[in-house]
Amino acid sequence: MAINIQDTIKGWVNSPPNVYFKLRETLEDPMSSFKEFSAIISNDPSLSARLLKIVNSPFYGLESEVETITHALGFIGTEQLTELVLATSVAGQFSEIPKNLINMDQFWKHSIACGVTAKTIAAWHGERNLESYYLVGMLHDIGSLIIYKKFPEASGKILQRCKEKKEYLHDVERKVFAATHAKVGGELLKGWGLPALLYEPVYFHHQPEKAQEHVLITKILHVADSMVDEMKLGCSGEAVANPVKPEILEELGFTELPVEQFSEEITELYEETLAVFL
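Residues 1 to 278 (my numbering) are what the sequence shown spells out, left to right.
Bear in mind the hints are in silico, worked out from the structure with no lab data behind them.
All C-beta atoms, glycine included, are put in the ideal place defined by N, C-alpha and C.
Treat each hint with caution, since some may be false.
To be verified - 27 angstroms max Cα-Cα, derived BS3-like pairs, lysine-lysine:
hint: 1; residue 1: K35; residue 2: K22
hint: 2; residue 1: K99; residue 2: K22
hint: 3; residue 1: K150; residue 2: K165
hint: 4; residue 1: K157; residue 2: K35
hint: 5; residue 1: K99; residue 2: K35
hint: 6; residue 1: K245; residue 2: K10
hint: 7; residue 1: K245; residue 2: K166
hint: 8; residue 1: K163; residue 2: K99
hint: 9; residue 1: K175; residue 2: K99
hint: 10; residue 1: K150; residue 2: K175
hint: 11; residue 1: K149; residue 2: K190
hint: 12; residue 1: K175; residue 2: K210
hint: 13; residue 1: K166; residue 2: K232
hint: 14; residue 1: K175; residue 2: K245
Claimed, not checked - Label-pair ranges, simulated between beta-carbon atoms:
hint: 15; residue 1: P243; residue 2: S33; range: 41 to 51 angstroms
hint: 16; residue 1: S15; residue 2: F254; range: 22 to 32 angstroms
hint: 17; residue 1: K10; residue 2: G92; range: 19 to 29 angstroms
hint: 18; residue 1: V215; residue 2: P243; range: 39 to 49 angstroms
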């Protein structure tokens, strides 16, 4: 049953995270101020409270307590806080996924772990704008939620097949749907008008060699996803960890999947982040 990706994502494309886009508009206005930026977030008290909790967590490691959104902007900047808003907002948009298909706590644990791992590898690699790495990790499997919601019966059979035959989820999706959760998620983020820096890694996280513009972040996401599966941190539906090609590891400076190298750092940051997000 081949699916049409644009038809599949239609309802979600028409319901973008509005606070994020208001912030983007403000960010692109050279006349805007921290006060205007802060006011948009402060209009949503629950979002404000959650963001302050995140900013004050070990995830950012700030030495003094941040008490207001304006104060937070002074520490982590408008661009980073905007991306944090996106991650927080999107997590709240996907509910009512059939419980017999996926445990949502486990799904978000996997997503958070992937974000933390991608950020950790990027930091080791000397990259800046680490929030983008965290964000693509958080969002990389968002297409799975759409597929689970839209095609629950077929999804159940796919997940069962992966479990019984130890097949890779995206391979079975391609055979059944002629599409994958990676493509569905990438097209959703693109449909929302997000930059290629965010949607291209999601689109190609199982085929990093196909990335054209944002190659490094796509490869880091690919490795992070496999590491998280190996470490068994949450579960988004995969029955087995996806393999990473040796040449991709070499390009990133590794001779093997660096689970042992980063496991302690990742586990600590993962547990600290869980306490904030879940």
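> Which of the stated hints cannot be reconciled with the structure, identified by number in ascending sequence?
Replying inline: 2, 4, 5, 6, 16 and 18
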